[in-house]
Amino acid sequence: MSKRLDPPETTVTPLTPPHPPPVDLSPAPRPSGPPKDRVGYLFLTPWFIGMALFTVGPILASLYLSFTEYSLLKPPEWLGLGNYRQMLDDPRLHKSLLVTFVYVFVSVPIQLVLALALALLLNRGVRGLSFYRSVYYLPSLLAGSVSIAILWRQIFGKDGLVNQLLAMVGVEGVSWVAHPDFALGTLVLLNAWTFGAPMVIFLAGLRQIPASYYEAAQVDGAGTVSRFFHITLPMLTPIIFFNLVLQLIGAFQSFTQAFVISGGRGGPSDATLLYTLYLYERGFGSFDMGYASAMAWVLLALIAVLTGINFLFAKRWVFYGN
Amino acid sequence: MSTRSSGLAALCLAGVLLAASACGGGSSGGGDGTVELRFGWWGNNDRAAATQRVIDAFQAKNPGIKVKGSFTDFNSYFDRLATEVAGGRAPDVITLGGAYPREYGDRGALLDLAKVGLKTDRIGAAALDNGKFGGVQYGVPTGVNAIAVVVNEAVFDKAGVPLPEEDTWTWDDFKRIAKELSGKVPEGTFALADPTRTDTLDVYSRQRGEALYTADGKVGISDSTLVDWWTMTLELQSAGATPPASQTAELITQPAPEQSLMGRGQAAMQFDWSNQLSALSKAAGQPLRLMRVPGESGAAQPGMWLQASQIYSINAKSEHPQEAAKFVDFLVNSPEAGKIILADRGIPANSDVRTAIQGVLGEPEKAQAAFIDALTPKAGPPLVIGPAGSTDTPKILDRVNAEVLFGREQPAAAAADFIQQVGTAIKQ
Amino acid sequence: MATELRAPGGRSRRLSKHALLIGFGLVMLYPLLWMVSSSVKPTETIFRDPSIWPSRLDLGNYVEGWTALDHPFHYYLLNSAMIAILAVAGNLLSCSLAAYAFARLEFRGRKIFFAMMLATLMLPIHVLIVPQYVLFSQLDWINTNLPLVVPKFLAHDAFFIFLMVQFIRGLPKELDEAARIDGCGHFRIYWRIIMPLSVPALATSALFTFIWTWNDFFSQLIFLTDPELWTMPVALRSFMDGQGETAWGQLFAMSIVGLAPIFGFFLAGQRYLTQGISTTGFR
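Protein chains in written order, with our numbering: chain A, 1 to 322; chain B, 1 to 428; chain C, 1 to 283.
Just so you know, these hints were derived from the structure itself, not from any lab. Being a predicted model, the structure only gives us computed values, none of them experimental. No residue lacks a Cβ here, since even glycine has one placed at the ideal position from N, Cα and C. Honestly, I wouldn't trust all of these hints.
List time: in silico DSSO-like cross-link candidates among lysine-lysine, alpha-carbon distance up to 27 Å [what the hints assert, rightly or not]:
hint: 1; chain 1: C; residue 1: Lys-17; chain 2: A; residue 2: Lys-36
hint: 2; chain 1: A; residue 1: Lys-74; chain 2: B; residue 2: Lys-158
hint: 3; chain 1: A; residue 1: Lys-74; chain 2: B; residue 2: Lys-115
hint: 4; chain 1: B; residue 1: Lys-218; chain 2: A; residue 2: Lys-74
hint: 5; chain 1: B; residue 1: Lys-395; chain 2: A; residue 2: Lys-95
hint: 6; chain 1: C; residue 1: Lys-111; chain 2: A; residue 2: Lys-315
hint: 7; chain 1: A; residue 1: Lys-95; chain 2: B; residue 2: Lys-427
hint: 8; chain 1: A; residue 1: Lys-74; chain 2: B; residue 2: Lys-61
hint: 9; chain 1: A; residue 1: Lys-74; chain 2: B; residue 2: Lys-427
Sample of chain A residues facing chain B (criterion: CB under 10 Å; computed from the structure) [as the list claims (entries may be wrong)]:
hint: 10; residue: Gly-170
hint: 11; residue: Val-171
hint: 12; residue: Gly-173
hint: 13; residue: Glu-215
hint: 14; residue: Ala-216
hint: 15; residue: Ile-261
hint: 16; residue: Ser-269
hint: 17; residue: Phe-287
Simulated DEER-style distance windows between Cβ atoms [said to hold, decoys possible]:
hint: 18; chain 1: C; residue 1: Glu-106; chain 2: A; residue 2: His-94; range: 45 to 51 Å
hint: 19; chain 1: C; residue 1: Ser-12; chain 2: A; residue 2: Ala-301; range: 51 to 57 Å
hint: 20; chain 1: C; residue 1: Leu-26; chain 2: A; residue 2: Val-171; range: 19 to 25 Å
hint: 21; chain 1: A; residue 1: Thr-224; chain 2: C; residue 2: Pro-196; range: 50 to 56 Å
hint: 22; chain 1: C; residue 1: Tyr-75; chain 2: B; residue 2: Asp-157; range: 47 to 53 Å
hint: 23; chain 1: B; residue 1: Thr-231; chain 2: A; residue 2: Lys-74; range: 39 to 45 Å
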């Protein structure tokens, strides 16, 4: 779901200190006290209300439900840790975790490399930049539509484009979207295909690298390749990091595409059973919202841990400032 | 204002969640004494237009009752319905189908229709039984359907293969014909799509005196029946009578008639519900016909049955059960409504209505009605609808069937696997 | 600050680059082109004849699709537009207020609140929708636009708060310090100084909010059951019937109609989009 395009580079704030003004004219920080708290809380009032009413409530309700048996049709019944214990020996859950990990860790790098490559290509004085940018963003707009399943089959189905091309060289292809060995691969490609958002962000990042760096490098006689590795890439690491964190979280939550392409089944034989797909199936298909809620909290824990690890490693390779 | 109050809000919400299922649902009345009912159903805009005309006709006759339709496509419908039931706001009149009536009925979401005295005497007993569980009538059928073999005569003719003998053909005949076709139909066309679906397993096992589920809600199909079935379908697949495994898997994800092999004119036969005939004919652009499934004549008992195509139920928490019953009565028992709905929700289950609409049906609908009429005296006992949890069975079957067709599991192992998984699903 | 390096090399090299871009663009767009082509074919032939080149141009699907539902299709487009525009207004206002607090103000619990905000992005919608439905049902908001709009006015979209926090942090602090010395209160600083400087970030948020709200299907399906209130994505579903006939041609035609406004929105707003993100303090 490219919609969940969200989170953040600086979840843990210390990473990006607000960069200091060139000349600090500001008075010494005032001692913080209640009046200051009040101003902050005042500005946050809408968020507090929204959080309390629309977010924390449902989130805690889902936490509560994760400890119950809840069929949606009858009131929940307390179960304690039963759902979590059941997850330990649910082979389909384990399968879905495996599928999700493969999906996330293969598709996100491909998507980011594609996005970066296109951004580099588009950044270099191409006429009609804004047109190409829009064209390459289109798939990201299309990916959430109900028709995407049919469209994807036109490429990777039994009678799709790929097999028509293969037929020209005398090879009879299988239905790539529905073969247990390849179906996940087509989903990975689909996710990569929607590289529009990270591409736009890379483009923005490229445009803010000062020209003077390149000019200096040119004087030193650095070639294209060397300029890329010594200027472009290091200067871009914060943005690569941003996109990485953002797309990882998004990929873990991928749902719509896998859902429509497999007709809501995650098939064949669970080959494309993403975690969220299984969660949905349990919640709405099998009327087991308690179990689905428990699954959601495990997912939250997983994403949070991975995001944390991401931030830890970021210190080693992300290049902030000069 | 902060964490403490948010925590409180959440606790309230959890409480609300518990309470919601206890408080009234549906829509209530307007201020002027009129009662407003909500009617939930699935379908497309063509059905919506007809449904609105029925509602208008009902309102004209019952000035005190207003009906509001609410619909969406099949899959979204059930997501929304589950959410609405959880929120205590389900429609007053609920359309259901397959194993859903029991799924909802067993969990107390549906009204016992005896309490509102709904008239069912003109409705065929077999289809009526599809809405009855544990002696309680939870729903009435909108119409009658039967699983059938849809046949494209043009494909048979072109291949020079004679049509099967509908009344006497056996599963061996079926296999032989399918294989014969596979050698003679053009590239890309098949004798049929893989026939494995819960409905065909129902017929097949019932012919052997079993059924998918027993009356007391357990798995009823035997290992050996499943093994025989898969041995046959594997034979068809390797003979090229059915498509390769990956194409079958692809076809499963696109259930629309237009996307099926039959709908594209690429199959000679297809197991499907009789009411799909119109859509399939239109899609294929060729006249199609219905035939009874193989193996009926020599069987221990006939496997085919009359199935309620859809079921109208009343929300157990409706504030206006009497008015809701009045509306359901109009939908299923009134010739006036029948003349608008026609065969859109199956051939009407009420015999009076069926007679009334006879003259206004189109060609494929007439063929459907004739097929149902001919089947009625020959049908087997009513189908035992699966218990709560059995809405999972089609998905389980798809998974296990894929394992078999891709050669990853032998029929014997698959049979055990299927029985075990269904058993787990219906125990939950 | 924007650097455009002129590609060295002559005309032929530029041409080959365009060829590459167009070629790759075509691969990217093949499904879309197929959809456009199918939208001008009669429904029955869409799956029977899979070639991408329609034998003749037939706009019937557009005409019929537009009028097939209870209301003409632009009615649903307008419903969608109204929700999307309100969502944009709500997000801009509420998220910027919260962002100002997180970026510029010191108060107790700031870090915890910030982390809480980000954590809200990690739970899948399917387990939240039922509690949300119960809540909105108790408020009697079902079948109104309120569940889709009010949360936006209460800073419900953490992504945009975060985006704006990043942006405001990048603005030189001496501007507001100077204003403070002149006796401006926080609200004036927020409104008179920070907001005008944040136009690119606001535009970015507006664009994404619009696109995502426009495409959102699930919550609109659940909260709006009355066909009078249907939005574009919900209306599109009524061309389908998972069990019977689907008006594929009309479905594709109206999908393209539904795509056009957001594509237009993107075309018009992308200038701000790149600008917005590039100044959002990635250093």
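Review point. Does the structure break any of the earlier hints, and which numbers would those be?
Key: Result: hints 1, 2, 8, 10, 11, 13, 14, 21 break, sorted rising.
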